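With the sequence shown counted from 1, adding 24 to any position gets you our numbering.
To be clear, the hints were calculated from the coordinates, so they are not data collected in a lab. Check each hint, because a few of them may be wrong.
What the hints assert, rightly or not - Straight-line alpha carbon distances no greater than 30 angstroms define the calculated DSS-like cross-link-like pairs of lysine-lysine that follow:
1. 177 / 112
2. 177 / 144
3. 223 / 140
4. 246 / 112
5. 177 / 221
6. 177 / 129
7. 195 / 177
8. 144 / 129
9. 224 / 143
10. 144 / 224
11. 195 / 221
12. 224 / 177
13. 63 / 129
14. 177 / 63
15. 206 / 246
16. 221 / 246
17. 201 / 112
18. 221 / 140
19. 223 / 195
20. 221 / 129
21. 195 / 112
22. 223 / 144
23. 112 / 206
24. 199 / 246
25. 65 / 112
26. 223 / 177
27. 199 / 177
No experiment lies behind these values; they were computed from the predicted model shown.
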Amino acid sequence: MVFSLRLPRFALTNPDMLCILRYKLRKQRENENMVISPKEKLIELRERFPEMTDETTEIFLSMPMLGAWYDMISGGMSNGWWNVEDAKRALTRGFYTATFDNTIKSDYYSVLSNRKGVKKTWDHWISPQSFAEVMCEGWDFYHDINEFLSAGKMCSNTIQVTPEQNRFLSKLTFKNKDGEYKVRCSIVERYDYVGIKLKKVGVRGFVPFPFSPGPMFLEAEKSIIERLS
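Please model the complete structure; the sequences and the hints are all you need to start from.
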């Protein structure tokens, strides 16, 4: 059974109304074994995180799984699992799962992929698992629910390319002679590096690469860039 409660928008931001609604929901849950909607879960989140922005609210309502993964990853970080060698992969894998299950097909596409008869695929412009490693290392910043959900949405975005272009992009990550994983260039340079020209639906002409993982990732990434000499 899915419980549905009609909530006026102001009720999701009014502290007194949130307390009343949460109390009513708790009482109803005690009487029924029911599944609630993301909008109803938002009542609880608003109480827990009064600093939630309108943008974060919209992300949660469209991608509620990110909220669940926030709690799971946050709990793991609080309990010290990031310092356990054989367990830390579970935290980054969880973020990977959350973003892939919420894949967003953006309005961006390569010129070649838009030609008639050409096969198309969707490229995750950044590896969510690689981003999650930086995110967990910088958890003092990303434990903020606004930053976490924003990062989750960002990493869920994909760009339409051809399968061949996708293979070119994947080859930019490699193992060097010492068996270390390296990349040929920064994440924001990859499309230019392999010669992919981008366009956006509704915009004339070429457009620059539209996404950025933020300064924390770009700084950490410098240690694994190994350019061709």
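Each hint, compared with the structure:
1. 177 / 112: Roughly 22 angstroms between the alpha carbons, so the hint for residue 177 and residue 112 holds.
2. 177 / 144: Given that 30 angstroms is the threshold and the Cα spacing comes to 22 angstroms, the pair holds.
3. 223 / 140: Roughly 16 angstroms between the alpha carbons, so the hint for residue 223 and residue 140 holds.
4. 246 / 112: Distance ~22 angstroms between residue 246 and residue 112 Cα, so the pair holds.
5. 177 / 221: Roughly 24 angstroms between the alpha carbons, so the hint for residue 177 and residue 221 holds.
6. 177 / 129: Answer holds: residue 177 to residue 129 is near 11 angstroms, not above 30 angstroms.
7. 195 / 177: Holds, because 25 angstroms separates the two Cα atoms, which is no more than 30 angstroms.
8. 144 / 129: 12 angstroms, holds
9. 224 / 143: Given pair residue 224, residue 143 holds - Cα atoms ~18 angstroms apart, limit 30 angstroms.
10. 144 / 224: 15 angstroms, holds
11. 195 / 221: Between residue 195 and residue 221 the Cα gap is close to 18 angstroms, so the pair holds against 30 angstroms.
12. 224 / 177: 19 angstroms, holds
13. 63 / 129: 24 angstroms, holds
14. 177 / 63: Holds - the C-alpha atoms of residue 63 and residue 177 are around 18 angstroms apart, at most 30 angstroms.
15. 206 / 246: 10 angstroms, holds
16. 221 / 246: 24 angstroms, holds
17. 201 / 112: 26 angstroms, holds
18. 221 / 140: Given that 30 angstroms is the threshold and the Cα spacing comes to 17 angstroms, the pair holds.
19. 223 / 195: The given pair, whose Cα atoms are some 23 angstroms apart, holds under the 30 angstroms limit.
20. 221 / 129: 17 angstroms, holds
21. 195 / 112: 26 angstroms, holds
22. 223 / 144: 15 angstroms, holds
23. 112 / 206: Distance of about 20 angstroms is within 30 angstroms: holds.
24. 199 / 246: 16 angstroms, holds
25. 65 / 112: 28 angstroms, holds
26. 223 / 177: Distance of about 21 angstroms is within 30 angstroms: holds.
27. 199 / 177: 29 angstroms, holds
The structure meets every hint from the earlier list without exception.
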